[in-house]
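Trainee: Construct the complete structure from the given sequences, taking the supplied hints into account.
So the protein sequences, as listed, match chains A and B. Residues in the first sequence are numbered from 1 upward in steps of one, following the working numbering. Residues in the second sequence are numbered from 1001 upward in steps of one, following the working numbering.
Take these hints with a grain of salt, some might be off.
[To be verified] For lysine to any residue, the following SDA-like pairs were computed, each having C-alpha atoms within a straight-line distance of at most 25 Å: (1) A:35 <-> B:1017; (2) B:1008 <-> A:61; (3) B:1036 <-> B:1170; (4) B:1008 <-> A:8; (5) B:1009 <-> A:120; (6) A:35 <-> B:1192; (7) B:1008 <-> A:86; (8) A:35 <-> A:111; (9) B:1008 <-> A:33; (10) A:35 <-> B:1118; (11) B:1117 <-> A:84; (12) A:35 <-> B:1190; (13) B:1036 <-> A:79; (14) B:1009 <-> A:84; (15) A:122 <-> B:1102; (16) A:122 <-> B:1192; (17) A:122 <-> A:41; (18) B:1008 <-> A:37; (19) B:1009 <-> A:134; (20) B:1009 <-> A:79; (21) B:1190 <-> A:86; (22) A:35 <-> B:1037; (23) A:160 <-> B:1009; (24) A:122 <-> B:1109; (25) A:122 <-> B:1170; (26) B:1008 <-> A:96; (27) A:160 <-> A:108; (28) A:160 <-> B:1006.
If you are wondering where the hints come from, they were derived from the structure by calculation, not from laboratory data. Owing to the predicted nature of the structure, the values given are computational and were not obtained by experimental measurement.
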Amino acid sequence: MNGVASQDELYRDVAEQFGSALERLARAYEVDPDKRRDLIQEIHFQLWRSFERFDARCSTRTWVYRVAHHVAASHVLRERRKFSNLVSVEELEMLPDKDHGHFAADRRINLDRLSALIQQLKPLDRQVIVSYLEDMDAASIGEITGLSPANVAMRISRIKNILARRFHEGGNHAS
Amino acid sequence: MHPENDPKKIWQSQPVEPSVMTIHLLRRRVRQLHAKTRWGLVGSLSAPITGVFFYALAIKSRFHYPVLRPLFALAFAWSLAGMYFLQRGMWSASMPGDAALRTGLEFYRREIERRSKLFRRVMWCSFLPMVLVIGTFILALAETAGSAIFPNGMPFIALVVVWIVAYFAIRMRDEHELQRELDELSEIEKENR
Chain A
1 MNGVASQDEL YRDVAEQFGS ALERLARAYE VDPDKRRDLI QEIHFQLWRS
51 FERFDARCST RTWVYRVAHH VAASHVLRER RKFSNLVSVE ELEMLPDKDH
101 GHFAADRRIN LDRLSALIQQ LKPLDRQVIV SYLEDMDAAS IGEITGLSPA
151 NVAMRISRIK NILARRFHEG GNHAS
Chain B
1001 MHPENDPKKI WQSQPVEPSV MTIHLLRRRV RQLHAKTRWG LVGSLSAPIT
1051 GVFFYALAIK SRFHYPVLRP LFALAFAWSL AGMYFLQRGM WSASMPGDAA
1101 LRTGLEFYRR EIERRSKLFR RVMWCSFLPM VLVIGTFILA LAETAGSAIF
1151 PNGMPFIALV VVWIVAYFAI RMRDEHELQR ELDELSEIEK ENR
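Mentor: Dropping the structure here:
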């Protein structure tokens, strides 16, 4: 198998396997649908280019998420006006919830609220929350982000606390 | 927790339309990127070359003050060199192939450092030569128009000063923000050890 063929094949496999996850990841970084489409295309493009150098030093999943988060983080940094308003997960924990944890029966509304919450976060914390929402364990999150297990655990605990406060039906306590 | 309100479920069950780019589209994008780079180079060089051309004409016909000539020449040489270095810095913006070997933390730090360097480069390679060009232009006008420049040219000079101060202030604020972000990342790296 030559390099180009394996690059193309790798991309095809990955796009099929992670396509939906990449779409969700893009939603965490860009609210505008047109810009989000561009961002997704850029992620796919950089992913395809990156497979030219893929050497299986890490798992395909880690590779895919790293490239996708790198492209998306660059995208956030380019939008300087929005970038200056981003907060860390610690700061977000302190911020009051405008919706006061009210339960919304409509899943669409809840998704918009969740997306809006994620989009307030700085890129590194966004990587943690998106990975957590994708059901990854702390070790995988650490491999993608480069954060230590203790650091990942601390951030996940804060994220859980925020999510519980804002999404728990009528409640204000972490589950 | 109500299943409708479980953040993981909400997140994972969101409606998506996975867009797979075909290899043909990806290759076309590479060609477009190369073409864009070529046109970017042509575009960035055309402005200073046009400027030099008009400056040469102006020197020949209007300005007879030898002291301004080396200043103008310096400003344009600086602009051209600055354009080259600035373009070089921007081209390296495309994601390096080994970026996926870096973790989010490493990549994010590098990206912020790169942007911070780019800000400084814009300052040295674009902003300062432009200030020199404008300053020399105002001096040339002052020498040509004599004392008449003060009542008539004051709005223009004031506008230029406001623009320079505002631009400088915005750049400094951006730089300060990036530095703060770098400090936060250093803290995270310390916690990581």
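Trainee: Now, for every hint given, state plainly whether the structure supports it.
Mentor: Verification of the supplied hints:
Under the criterion of a C-alpha separation no larger than 25 Å, the hint pairing residue 35 of chain A with residue 1017 of chain B is consistent with the structure, at around 15 Å. A distance of roughly 19 Å separates the Cα atoms of residue 1008 of chain B and residue 61 of chain A; the hinted pair therefore holds under the 25 Å criterion. Using a Cα cut-off of 25 Å, the hinted pair residue 1036 of chain B and residue 1170 of chain B is violated, with the two alpha carbons roughly 28 Å apart. Taking the CA atoms of residue 1008 of chain B and residue 8 of chain A, the gap is about 32 Å. The hint is violated against a cut of 25 Å.
Proposed proximity of residue 1009 of chain B and residue 120 of chain A is supported: the alpha carbons are some 20 Å apart, at most 25 Å. Restraint check: the Cα-Cα separation between residue 35 of chain A and residue 1192 of chain B comes to about 34 Å, which exceeds 25 Å; the hinted pair is violated. A C-alpha spacing of about 22 Å is found between residue 1008 of chain B and residue 86 of chain A, which places the hinted pair at or below 25 Å, so the restraint holds. Note on residue 35 of chain A and residue 111 of chain A: the hinted pairing holds, with a Cα-Cα distance of about 19 Å set against a maximum of 25 Å.
For the hint pairing residue 1008 of chain B with residue 33 of chain A, the CA-to-CA distance comes to about 22 Å; that is within 25 Å, so the pair holds. For the given pair, residue 35 of chain A sits about 24 Å from residue 1118 of chain B by alpha-carbon distance, which is consistent with the 25 Å threshold. A C-alpha spacing of about 18 Å is found between residue 1117 of chain B and residue 84 of chain A, which places the hinted pair at or below 25 Å, so the restraint holds. Only pairs whose Cα atoms come within 25 Å are accepted, and residue 35 of chain A paired with residue 1190 of chain B is rejected, the gap being roughly 35 Å.
Restraint check for residue 1036 of chain B and residue 79 of chain A: satisfied, since their Cα atoms lie roughly 21 Å apart, inside the 25 Å limit. For the given pair, residue 1009 of chain B sits about 30 Å from residue 84 of chain A by alpha-carbon distance, which is inconsistent with the 25 Å threshold. Using a Cα cut-off of 25 Å, the hinted pair residue 122 of chain A and residue 1102 of chain B holds, with the two alpha carbons roughly 18 Å apart. Between the alpha carbons of residue 122 of chain A and residue 1192 of chain B the distance comes to roughly 18 Å, so the proposed pair stays at or under 25 Å and holds.
For a cut-off of 25 Å, the pair hint linking residue 122 of chain A to residue 41 of chain A stands: about 22 Å separates their Cα positions. This hinted pair checks out: residue 1008 of chain B and residue 37 of chain A have alpha carbons roughly 23 Å apart, not beyond 25 Å. Of the pairs offered as hints, the one joining residue 1009 of chain B and residue 134 of chain A holds, with about 9 Å between alpha carbons and a cut-off of 25 Å not exceeded. Proposed proximity of residue 1009 of chain B and residue 79 of chain A is contradicted: the alpha carbons are some 29 Å apart, above 25 Å.
Between residue 1190 of chain B and residue 86 of chain A the CA atoms are separated by roughly 22 Å; this keeps the pair inside 25 Å, and the hint holds. For the hint linking residue 35 of chain A to residue 1037 of chain B, the alpha-carbon distance of about 21 Å falls within 25 Å, and the restraint holds. Straight-line distance between C-alpha atoms of residue 160 of chain A and residue 1009 of chain B comes to about 14 Å, which keeps the hinted pair within the 25 Å bound. With a C-alpha separation of about 13 Å, the suggested pairing of residue 122 of chain A with residue 1109 of chain B holds against the 25 Å cut-off.
With a C-alpha separation of about 21 Å, the suggested pair residue 122 of chain A and residue 1170 of chain B falls inside the 25 Å cut-off, and the hint holds. About 22 Å separates the Cα atoms of residue 1008 of chain B and residue 96 of chain A, which keeps this hinted pair within 25 Å; it holds. Between the alpha carbons of residue 160 of chain A and residue 108 of chain A the distance comes to roughly 21 Å, so the proposed pair stays at or under 25 Å and holds. The hinted pair formed by residue 160 of chain A and residue 1006 of chain B meets the criterion: a straight-line CA distance of about 11 Å does not exceed 25 Å.
Hint check: violations occur at hints 3, 4, 6, 12, 14 and 20; the rest are consistent with the structure.
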